[in-house]
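*Asks:* Those protein sequence lines, which keep their order, are chains A and B. The first sequence begins at 2 in the numbering used here and counts up by one. The second sequence begins at 2 in the numbering used here and counts up by one.
It is worth saying that the hints were derived from the structure and are not from the lab. Fair warning: there could be bad hints in the mix.
For identical chains, the list gives no copy identity; a pair is met inside one copy or between any two copies.
[Claimed, not checked] With a Cα cut of at most 27 angstroms, we get these calculated DSSO-like pairs of lysine-lysine: (1) 331 / 301; (2) 261 / 174; (3) 63 / 174; (4) 174 / 332; (5) 301 / 217; (6) 331 / 63; (7) 174 / 331.
Protein chains: 2
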Amino acid sequence: MIKTALTDLLGVDHPLVGFNRSPGVVAAVTNAGGFGVLAASAYTPEELDAQLTWIEQQVEGKPYGVDLLVPEKFATGDPDNLIASLRAQIPAEHIAFVDGLLAEYGIPATTPRAGHDEVSASINPDGAQALLDVAFSHRISLVANALGTPPPHLVDRAHQAGVVVASLVGQRKHAVRQLDSGVDVLIAQGTEAGGHTGTIATMVLTPEIVDLAGDKPVLAAGGIASGRQLAAALALGASGAWCGSVWLSSHEDITPLPVKEKFLAATSSDTLRSPTRTGKPARQLRSAWHDAWEKPDSPKPLPMPLQPMLVNEAWERIDAAAEQGHEGAKKLESFFIGQVVGSFAALRPAADIARQLVADCENRLAELAASTTNG
Amino acid sequence: MIKTALTDLLGVDHPLVGFNRSPGVVAAVTNAGGFGVLAASAYTPEELDAQLTWIEQQVEGKPYGVDLLVPEKFATGDPDNLIASLRAQIPAEHIAFVDGLLAEYGIPATTPRAGHDEVSASINPDGAQALLDVAFSHRISLVANALGTPPPHLVDRAHQAGVVVASLVGQRKHAVRQLDSGVDVLIAQGTEAGGHTGTIATMVLTPEIVDLAGDKPVLAAGGIASGRQLAAALALGASGAWCGSVWLSSHEDITPLPVKEKFLAATSSDTLRSPTRTGKPARQLRSAWHDAWEKPDSPKPLPMPLQPMLVNEAWERIDAAAEQGHEGAKKLESFFIGQVVGSFAALRPAADIARQLVADCENRLAELAASTTNG
Numbered sequence: 002m003i004k005t006a007l008t009d010l011l012g013v014d015h016p017l018v019g020f021n022r023s024p025g026v027v028a029a030v031t032n033a034g035g036f037g038v039l040a041a042s043a044y045t046p047e048e049l050d051a052q053l054t055w056i057e058q059q060v061e062g063k064p065y066g067v068d069l070l071v072p073e074k075f076a077t078g079d080p081d082n083l084i085a086s087l088r089a090q091i092p093a094e095h096i097a098f099v100d101g102l103l104a105e106y107g108i109p110a111t112t113p114r115a116g117h118d119e120v121s122a123s124i125n126p127d128g129a130q131a132l133l134d135v136a137f138s139h140r141i142s143l144v145a146n147a148l149g150t151p152p153p154h155l156v157d158r159a160h161q162a163g164v165v166v167a168s169l170v171g172q173r174k175h176a177v178r179q180l181d182s183g184v185d186v187l188i189a190q191g192t193e194a195g196g197h198t199g200t201i202a203t204m205v206l207t208p209e210i211v212d213l214a215g216d217k218p219v220l221a222a223g224g225i226a227s228g229r230q231l232a233a234a235l236a237l238g239a240s241g242a243w244c245g246s247v248w249l250s251s252h253e254d255i256t257p258l259p260v261k262e263k264f265l266a267a268t269s270s271d272t273l274r275s276p277t278r279t280g281k282p283a284r285q286l287r288s289a290w291h292d293a294w295e296k297p298d299s300p301k302p303l304p305m306p307l308q309p310m311l312v313n314e315a316w317e318r319i320d321a322a323a324e325q326g327h328e329g330a331k332k333l334e335s336f337f338i339g340q341v342v343g344s345f346a347a348l349r350p351a352a353d354i355a356r357q358l359v360a361d362c363e364n365r366l367a368e369l370a371a372s373t374t375n376g
Numbered sequence: 002m003i004k005t006a007l008t009d010l011l012g013v014d015h016p017l018v019g020f021n022r023s024p025g026v027v028a029a030v031t032n033a034g035g036f037g038v039l040a041a042s043a044y045t046p047e048e049l050d051a052q053l054t055w056i057e058q059q060v061e062g063k064p065y066g067v068d069l070l071v072p073e074k075f076a077t078g079d080p081d082n083l084i085a086s087l088r089a090q091i092p093a094e095h096i097a098f099v100d101g102l103l104a105e106y107g108i109p110a111t112t113p114r115a116g117h118d119e120v121s122a123s124i125n126p127d128g129a130q131a132l133l134d135v136a137f138s139h140r141i142s143l144v145a146n147a148l149g150t151p152p153p154h155l156v157d158r159a160h161q162a163g164v165v166v167a168s169l170v171g172q173r174k175h176a177v178r179q180l181d182s183g184v185d186v187l188i189a190q191g192t193e194a195g196g197h198t199g200t201i202a203t204m205v206l207t208p209e210i211v212d213l214a215g216d217k218p219v220l221a222a223g224g225i226a227s228g229r230q231l232a233a234a235l236a237l238g239a240s241g242a243w244c245g246s247v248w249l250s251s252h253e254d255i256t257p258l259p260v261k262e263k264f265l266a267a268t269s270s271d272t273l274r275s276p277t278r279t280g281k282p283a284r285q286l287r288s289a290w291h292d293a294w295e296k297p298d299s300p301k302p303l304p305m306p307l308q309p310m311l312v313n314e315a316w317e318r319i320d321a322a323a324e325q326g327h328e329g330a331k332k333l334e335s336f337f338i339g340q341v342v343g344s345f346a347a348l349r350p351a352a353d354i355a356r357q358l359v360a361d362c363e364n365r366l367a368e369l370a371a372s373t374t375n376g
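Can you make the complete structure from the sequences, with help from the hints?
*Replies:* Written out as structure tokens, the structure reads:
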């Protein structure tokens with residue numbers, strides 16, 4: 002057992018947070034003695050309610066949390082007619098580019114999932130409100146914001162409910178603002194992480210944020226998928242690790258199997274930071290999708306949430322076709338993933354991943370202690 | 002004392018390698034119980050001979066090494082007339098761009114240092130030979146190549162002389178080739194490092210290379226300027242750290258004071274990877290120099306060694322003017338540095354930096370051991 006400020010604060014056995022959009026992963030991490038966090042922004046409010054209900058049935062009172070995307074800068078629309086007013090801002094050139102790309106690779110049309118635009122549009126303070134209402138109606142222990150300083154109403158509401166507020170930071174100056182806003186836990190996310198990241202590496206960013214945060218726990222995120230890397234995060238002064246990518250090598254993760262197979266085959270050089278999926282730079286597996294957007298005549302990606310509104314249906318079609326074995330779809334197929342993708346050897350149960358991370362970390366710390374002598 | 006495969010191999014007290022172009026830093030690191038490595042490619046053969054003689058007088062038999070730049074890919078010239086044949090390959094457009102940039106900032110002309118082109122041209126297998134001859138005429142313990150697989154003649158000559166061969170790697174596939182070439186020590190250099198780097202972060206790259214290298218020691222490089230970061234490198238499985246940037250905050254470092262002052266004021270966000278200085282992507286402090294090269298109409302940087310032949314005299318003029326307090330020169334001024342530049346608080350003696358790195362690392366490992374309980 003490794004005791005840190007984080008294990009004390011959250012009442013968990015291990016300094017390991019598992020972030021994922023799959024409820025099965027969240028429950029498995031919490032049940033293994035870590036702390037599972039669900040990516041709520043992947044869902045409509047109704048879907049989120051069902052997911053959190055299911056998670057609570059699995060974890061039998063053990064703690065878990067949710068993560069939202071509440072950006073500080075975003076395209077705005079008419080609050081009374083949010084989705085239509087946002088959709089009207091997408092240029093015809095961009096729609097034609099995405100349609101043309103799908104046609105070039107022969108991707109078949111599918112019936113769009115209901116609530117698609119609702120999910121995309123939720124990536125702003127107004128749209129996130131409905132998800133927050135659902136989250137606070139459940140017994141969450143932590144709410145995290147992955148895109149900047151949480152708004153005051155979120156911090157106040159969480160603290161009144163006894164819920165810990167966490168937020169991800171990629172630069173020291175952002176952390177200063179977030180501490181001012183009343184955040185309880187900072188997550189120092191390095192450039193090697195999957196999803197939205199800055200340019201500073203975990204090795205450099207973590208101690209910077211630890212020194213700034215004083216008594217508040219800091220988690221390291223980015224590049225942590227093994228016990229040695231968890232031990233390194235602790236050595237840097239973090240009170241634990243926020244792991245995202247590693248769970249995409251779990252059976253419980255809901256990412257389509259063709260994507261997971263690409264992950265298993267990938268090296269640590271095969272990712273890039275690209276705004277073509279969400280409108281902000283996010284690390285993902287490089288594929289033919291990114292090659293197409295990088296051509297000189299291709300349109301520039303739109304701001305958040307217009308870019309996800311532009312591309313999410315396309316990704317649903319790519320995912321569906323890839324699952325049918327469609328070769329063109331497999332070339333385009335991708336998802337958010339960090340540089341640790343190069344370490345994925347096989348798909349495993351999430352509980353096994355969590356247990357091995359913790360056990361290998363404890364072993365590594367014991368080895369290090371043995372190599373140090375009074376001299 | 003921390004005992005590792007590296008401290009055994011090199012016969013040093015601490016798993017800390019200090020890489021720098023300043024002989025004063027190299028001697029200080031070795032005398033503090035670490036292992037100093039001189040950047041030999043900064044010098045003509047005659048200069049290198051004098052530097053190594055001076056270092057040996059300071060370290061009184063304690064071990065040290067040298068680092069060379071021997072790229073695998075390079076522009077070639079006529080071996081009988083190397084410098085002139087290389088210089089003839091530099092386009093007039095590039096010369097005009099650099100001249101125009103210096104004029105725009107009002108940088109005065111200076112008398113160029115003798116041997117300038119010789120130093121630039123040495124960045125190829127033929128040119129490096131004279132530096133190697135000098136290095137092997139001294140009692141070096143290690144020779145490192147910072148740019149790819151060392152040529153067979155270098156490995157053979159080193160091993161016949163009982164000299165350890167090290168090389169820097171930024172990707173797993175490069176490490177495979179280097180191990181095949183007979184390298185004794187691999188240096189896993191992450192993207193956060195100063196100088197020539199790839200895109201994979203130290204946190205991800207180090208365990209990948211450790212797993213590949215088997216019994217051969219691996220050093221972590223990039224993002225290591227404090228005891229916590231050294232402890233993290235060891236946690237990742239490295240046998241020590243190869244530190245470069247941190248010594249640029251030492252008194253002994255020969256970098257012009259105006260550059261060091263910019264380093265002290267910089268944050269970890271103020272670096273970039275740019276090929277505008279050497280012809281290959283190298284991390285350095287962002288300045289007006291890089292802004293100028295990034296403009297759409299600016300020429301594309303040339304390959305190594307043509308780009309350093311193009312710009313080295315310009316940098317000599319910028320350095321000289323900045324040391325005189327010239328405001329335009331201070332705007333252009335820059336040097337190779339990693340993301341750890343954001344942690345520089347003051348200039349200190351190199352020996353103090355080395356001692357604190359080691360002491361803080363040992364303290365951090367002791368704290369970690371104390372936080373782990375059998376549970």
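*Asks:* Evaluate residue 331 and residue 63 at a C-alpha cut-off of 27 angstroms and name the case that applies: within, between, both or neither.
*Replies:* So residue 331 and residue 63 fail the 27 angstroms test inside a copy (39 angstroms) and across (57 angstroms) alike.
*Asks:* At most 27 angstroms between alpha carbons: which applies to residue 174 and residue 332, within, between, both or neither?
*Replies:* between (39 angstroms within a copy, 23 angstroms between copies)
*Asks:* Between copies, within a copy, both or neither: which fits residue 261 and residue 174 at Cα up to 27 angstroms?
*Replies:* between (35 angstroms within a copy, 22 angstroms between copies)
*Asks:* When Cα atoms must be at most 27 angstroms apart, do residue 63 and residue 174 count as within-copy, between-copy, both, or neither?
*Replies:* neither (34 angstroms within a copy, 43 angstroms between copies)
*Asks:* How do residue 174 and residue 331 come out at 27 angstroms by Cα distance, when the copy is not named: within, between, both, or neither?
*Replies:* Classified as between: cross-chain Cα gap 25 angstroms, same-chain 40 angstroms, threshold 27 angstroms.
*Asks:* Regarding residue 331 and residue 301, is the shortest C-alpha distance of 27 angstroms or less found within a copy, between copies, in both, or in neither?
*Replies:* within (24 angstroms within a copy, 35 angstroms between copies)
*Asks:* I want to check one pair: residue 301 and residue 217. Are their C-alpha atoms no more than 27 angstroms apart within a copy, between two copies, both, or neither?
*Replies:* neither (39 angstroms within a copy, 47 angstroms between copies)
Checked against the numbered hints above, the structure violates hints 3, 5, 6; every other hint is satisfied.
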